[in-house]
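Please put together the full structure from these sequences, using the hints given.
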Amino acid sequence: MSWEMFTRGATLALALAAGIAATPAYSQTTLRIGLAEDPDVLDPTLARTFVGRIVFAGLCDKLFDLDEKLAIVPQLATGYEWGGDNKSLIIKIRPGVTFHDGEKLDAAAVKFNLERHKTMAGSNRRTELTPVTSIDVVDPLTVKLNLSAPFSPLLAVLTDRSGMMVSPKASQEAGDKFGAKPICSGPFKFVERVAQDRIVLEKHAGYWDAKNIHFDRIVYLPIVDATVRLANLKSGQLDFIERLAPSDVPGLRSDNRIKVSKIVEIGYQGITINVGKSDMAKGNPLGKDAKVREAFELSLDRDGIVAVAMDGQADPGNQWVAPTNAWYAKNAPLPKRDVNKAKALLREAGVTNPSFTLMTPTTSDAQRIAQVVQVMAKEAGFDVKIQSTEFATSLNLADKGQYEAYLLAWSGRADPDGNVQQFFTCNAPNNYAGFCTKEMDALIEESRTKLDAKERLAAYEKIAAIASKEKPVVYLFHRHWLWAYNTKVSGLRTVPDGMVRVQGLKFN
Amino acid sequence: MFNYLVQRIGTIIPTLFFVSILIFGLQQLLPGDPALILSGEDRDENVIAYLREKFHLDEPLPMRYLYWMGNVLQGDLGESLRIQQPVLDLILQKLPVTLQLAAMAMVIALVIGITAGIVSAVTKDSVWDYAANVISLWGLSTPNFWLGIMMILFFSVWLGWLPASGYVSPFEDLKANLASMIMPAFVLGNAIAAVLMRHTRSAMLQVLNADYVRTARAKGLVERIVVLKHALRNALIPIITLGALEFGTLLSGSVLTEQVFSIPGFGKLIVDAVFNRDYAVVQGVVLVTATAYITLNLLADLAYFLVNPRLRG
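Top to bottom, those sequences are chains A and B.
Per the working numbering, residue 1 is the first one in the first sequence, and the count goes up by one each step.
Per the working numbering, residue 509 is the first one in the second sequence, and the count goes up by one each step.
Note that these hints are calculated values from the structure, not bench results.
Where a beta carbon is used, it is the ideal one built from N, C-alpha and C, also for glycine.
Treat the hints with care, as some may be off.
To be verified - The calculated DSSO-like cross-link candidates involving lysine-lysine, where the alpha carbons are at most 30 Å apart (straight line), are:
| hint | chain 1 | residue 1 | chain 2 | residue 2 |
| --- | --- | --- | --- | --- |
| 1 | B | K683 | A | K118 |
| 2 | B | K562 | A | K181 |
| 3 | B | K683 | A | K203 |
What the hints assert, rightly or not - Sample of chain B residues with no beta-carbon within 12 Å of chain A, all distances over it, derived:
| hint | residue |
| --- | --- |
| 4 | L530 |
| 5 | A611 |
| 6 | V703 |
| 7 | H738 |
| 8 | L753 |
| 9 | S770 |
| 10 | A798 |
| 11 | L810 |
To be verified - For each label pair, taking beta carbons as the anchor points, the in silico distance ranges come out as:
| hint | chain 1 | residue 1 | chain 2 | residue 2 | range |
| --- | --- | --- | --- | --- | --- |
| 12 | B | E561 | A | D279 | 26 to 32 Å |
| 13 | B | E561 | A | S134 | 25 to 31 Å |
| 14 | B | L596 | A | T227 | 31 to 37 Å |
| 15 | A | K378 | B | L524 | 41 to 47 Å |
| 16 | B | W654 | A | P333 | 44 to 50 Å |
Set out below in structure tokens:
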């Protein structure tokens, strides 16, 4: 009897499994994008995660955008000019743009948004817009941003969340709950969000650039595990995935259903060294002596680290931007590995076998990088102890200066200022190294106030000269943003900020 | 029985009170400043100060507990620090998913586990017994993560029968819902089935040798009635306890399985919340699952009375 019941049950279960073949839950004009994480709050003023910016690329247009070469191009703006003494920026607004709720986007709306970024409690945009002292509405389609001093990174700042415009009416009504149902002016409007499951956007009928929008819906699905993300792409459940695992790239070369695109990131992976954040800096030769830091850098073979730890999917680098970036300071070139010189420097410093602890996040990538660094540095005489630490804890320890060296990645900003200012200025929140000199502060200030690209680059060359001598950060490489997508997807633009721009994207 | 019921319910309230203190207190032992992690990459000092004030992070621990408990008693579990949605909404979003997954996994586990356990005990030392033991060992020794990935590769990537991951509400599309849940439910049920099988087998073997079973057989009852009515009923008591505990564990979320299949249940919610130091979410979810666990244990105790008439006296 029991066997009979079991057989019946098993037959039923098999029939059920075979019968309920996968059915696509969304129509053909839906683009399904697999994200590596679940975004945070969908309010451009409060948002803080990289992955959230990918969703904003479909939801909220910005005053300016970036092109594939990182040049700044207009989006909601049609043009700009710097005002007298470069202490103001006049922006022309695109006519005929409406928010998802039908409200007009005009100069008053832009003023409202910039003021919201600057004054809203908990705003993450306030610091980015600090030099903007006031905003004037010149005419219905012109705003003037008054600055405390010339501020060259401002345009780049406006290509990110600070340049995103939300409906003033909707945001006033929703208050700090706006992120639960954001209303912007991008190509797609918000439909629903189920935390950790999906974010659904629907085509905005009144979009100003409608001819370049080819989908009715976009569904963003956070799938944390890279293998599972790829399995979803292979099985046709997703059309596009971001952050493909580097180790999966070779396996996809022979798959003619899937394409892979890669872009060198605008951020970096590096080892931040405690040179002055706390007393721990003085207790360790690495933190105390720049010669020891130079020896440590010379003991590393960046090509080897990239090949082993990243499966070749990164560009070796020694600055806050990649060697291919226009802002790379050529006076501080990428040093080659030289173990003999490293040993000689250690002898000069009087410490032939320095020992330090490298605090490392718990991700498998970070572990691999730390292990390769440990083995390479050992050849020069370094004893590197790896301390694998959960991210929130590691951040807290770094903030208190309770570390010697910290393997840390930065997602990067389009303007080099975003990769430099908050890491090297005295007491800046991300200055975990505790590096602080008047000379560096003055140079960073100079780089921010010069509008001429040549003059700015000259300032960055001086900054690079100091940074490569003092080495508060030993930069390792710049990751490749790896995207994998179904071959039916075309029109993809590979912009180094890693955002998936939906304008022009379509199915063949 | 009524007195027993009142007595058991009476213990729930102080238990939940101590659980709430434990949840709150233990969480504070986690290293890391929630305001720092929630302030994002830029770590704006104004934002950090704002977050500390908004979520009372600067106040003494007892005060924070009182704020939280006061709100909980009014039905407000707080707001997620990270995505700024009410914790109750998040729990209500995830609860049906977790319940469905737990129920499906439990049905699979009970059908396979109890059936295999009975067959194994009744046909002791036969081929069927060995086969059931091998299946049980397989279930116990197969990591959920591996089995999940293998099932995705086989059923989704190669055969294309089932979606690789994701969740569809049964109210939206029942077929798609079952298609998305069958693999994770099997992965979870597989491991529990193995445990249930081992316990059913040993409980049945013990009972089948008891005097009253011999008496039943001597009375000339058919073997089916002896096994299913007389033996199984007694053997079920430890299985019910075990089943309730396993179901309770399933309700607290199955982190790895949910991660592999991208099922938006309690497991993913709580793990993300712990890593992001999203205190309100962690506290809310643990409180709800602890309550469910305690309630399930109460129901298991009550179920003893139903299956074993001797306890009713």
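For each hint, the structure was consulted:
Simply put, B:K683 and A:K118 have alpha-carbon atoms about 49 Å apart, too far for the 30 Å limit, and the pair is violated. Proposed proximity of B:K562 and A:K181 is supported: the alpha carbons are some 21 Å apart, at most 30 Å. Restraint check for B:K683 and A:K203: satisfied, since their Cα atoms lie roughly 27 Å apart, inside the 30 Å limit. Every Cβ of chain A is farther than 12 Å from the Cβ of B:L530; the closest lies at roughly 21 Å, confirming the non-interface assignment.
Chain A leaves B:A611 outside its interface by the beta-carbon criterion, the shortest separation being 15 Å against a cut-off of 12 Å. Distance check for B:V703 against chain A: the nearest CB is about 18 Å away, which clears 12 Å, and the non-interface claim stands. Residue placement check: B:H738 keeps its beta carbon more than 12 Å from all beta carbons of chain A (closest about 14 Å). For B:L753, the requirement that its beta carbon stay farther than 12 Å from each beta carbon of chain A is met, with the minimum near 24 Å.
With a minimum CB-CB distance of about 5 Å to chain A, B:S770 fails to clear the 12 Å threshold, and the non-interface call is violated. Look at B:A798: its CB is around 21 Å from the nearest CB on chain A, clear of 12 Å, so calling it non-interface holds up. Even its closest Cβ contact with chain A, about 26 Å, leaves B:L810 beyond 12 Å, as expected for a residue assigned away from the interface. A beta carbon spacing of about 30 Å between B:E561 and A:D279 agrees with the range 26 to 32 Å that was offered as a hint.
For the pair B:E561 and A:S134, the beta carbons lie near 27 Å from each other, so the given range of 25 to 31 Å is met. For B:L596 and A:T227, the Cβ-Cβ distance of about 34 Å falls inside the hinted range of 31 to 37 Å, so the restraint holds. A hinted range of 41 to 47 Å is violated for the C-beta pair A:K378 and B:L524, which are about 54 Å apart. At roughly 46 Å, the beta carbons of B:W654 and A:P333 sit within the given window of 44 to 50 Å.
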